[in-house]
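> The lines below spell out each chain.
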Amino acid sequence: MADSYYDPKDLRKFGNITEWSEELGSKFFDYYSKVFEEGALSAREKSLIALAVAHVVKCPYCIDAYTKDGLQRGITKEEMMEAVHAGAAIESGATLVHGVQMMNKYNKLSM
Amino acid sequence: MATKSLKAQQSELSSANKQLEVLNNGIFADGELPYFKDKIAEIGHFPLRPTKLEILQINVGYMCNQVCAHCHVDAGPDRKEIMTKETMAQCLEVIKNTGAHTLDLTGGAPEMNPNFRWFVEEASRAGVKDFIVRSNLTIIRANKKYYDLPEFFKKHNVHVVSSMPHYTRGKTDKQRGDGVFDKSIKALQELNTVGYGIPDSDLRLDLVYNPSGAYLPGDQIALEQDFKKALREDFNIEFHNLFAITNLPISRFLDYLLASENYEDYMYALVEAYNPAAVANVMCTNTISVSWDGWLYDCDFNQMLDLKVASKIKHIKDYNEEVLTDRNIIISQHCYGCTAGAGSSCQGTVA
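Just so you know, the protein sequences line up as chains Y and D, in that order.
Here the numbering used here is used: position 53 in the first sequence is 53, and no number is missing along the way.
Here the numbering used here is used: position 281 in the second sequence is 281, and no number is missing along the way.
These are computed hints drawn from the structure, not numbers from a lab.
Everything numeric in this text was worked out from a predicted model, so none of it was measured.
Mixed in with the good hints there might be a few duds.
Label-pair ranges, simulated between beta-carbon atoms [stated by the list, open to error]:
| id | chain 1 | residue 1 | chain 2 | residue 2 | range |
| --- | --- | --- | --- | --- | --- |
| 1 | D | Lys186 | Y | Met103 | 55 to 61 angstroms |
| 2 | Y | Gly15 | D | Lys37 | 20 to 26 angstroms |
| 3 | Y | Ile17 | D | Pro34 | 21 to 27 angstroms |
| 4 | D | Asn262 | Y | Thr76 | 19 to 25 angstroms |
Glycine residues also receive a C-beta, built at the ideal position from the N, C-alpha and C atoms.
All chains, full assembly: derive it from the sequences and hints.
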């Protein structure tokens, strides 16, 4: 057993999850690869969305994977950073919009 | 960025044996990753054999005006290996009689060979269907004596294949050196001016894309579209096709992988992306590579690893196409670079 929760090398073993549940694992990977194919959105656009989401869900494996994927697609570092900010803005917005709840509660409890 | 070749730095990795030692040991000897030999044996392609000779690739010397970080030739201004006129004459005899439809001149910067123009003039008379010169673009702007190269290429109906790692300045200069991007843009515009790369023009201008780091190239068609759009919109530049070429883990790129601690991950990525469908069309099956001193190799990469063809014909002076075609191709773990994803060759993807 590794003495840390995250090991970059574990990403290589992601496919192994299928070994303990063939059906669910295979269905997941089929779905996953289908999602990232060219569609109404380009594969390039989806790669940037994935990078933004990877940051929001704070998945180090996903950040490694989609930074590399972006490089392979010729995506520039400026584009990548803007995607991260888009994710961060939604995440901070999601926190801040709860400020309205706080204000509502404050007003309700105050005379 | 380094301004000297590994050889001039007397780096241990400038030795072919040292590079092969790295490629044959470590994660492969441990059994963590399979040897290329075993991988192609699974689909009945070991030993790998040539099919029909289609491309004669001649390396006219390792001297170059650039010192690119990823260069598999370890080329640079300090390299003195230059093909002599005598060896060129031996090559011309072969070019006149070969069954190959493509002649592919490479280097270094082939234009820096003092007999380059004579060789092109003579070779163009031999009537090969496709006559490629791999030009790094900046050479056209490096010195006044090269300014007329676009006209010279046009006169001899040369197919120009040029390296362009990215359509942004930062990425290009990081891989190839400061100022390379601006010079390359100017050179491309000059090639366009004489008619190269214009849609429907017979003057072929293709670009080669190598990733600027430890990752594989993305989809060749998607990259071509991005390059075309950006170069057209920003600089009014036209070109025909983009070849996406995988960096092979040898020479300066291997040095970079080891120094940046990316070697293992990169080899994993190559092995994971192994595509059996690419094996049948790898370029060593239809190419012979000739070195500056006339030795024969399965490909330019094997040339840099000093792995001469496994045939009793080993030199251009003894050239015999029939005998050469009956040989086993020499392979090692660097070969995974040509079978990853859509495959990779000097002509781009193969699968």
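> All hints, please: hold or fail.
Outcome of the hint check:
Under the hint 55 to 61 angstroms, the C-beta atoms of Lys186(D) and Met103(Y), about 60 angstroms apart, fit the expected range. About 24 angstroms separates the C-beta atoms of Gly15(Y) and Lys37(D), a value consistent with the hinted range of 20 to 26 angstroms. Checked against the given bound of 21 to 27 angstroms, the beta carbons of Ile17(Y) and Pro34(D), roughly 22 angstroms apart, stay inside it. About 20 angstroms separates the C-beta atoms of Asn262(D) and Thr76(Y), a value consistent with the hinted range of 19 to 25 angstroms.
Every hint from the earlier list agrees with this structure, and none is contradicted.
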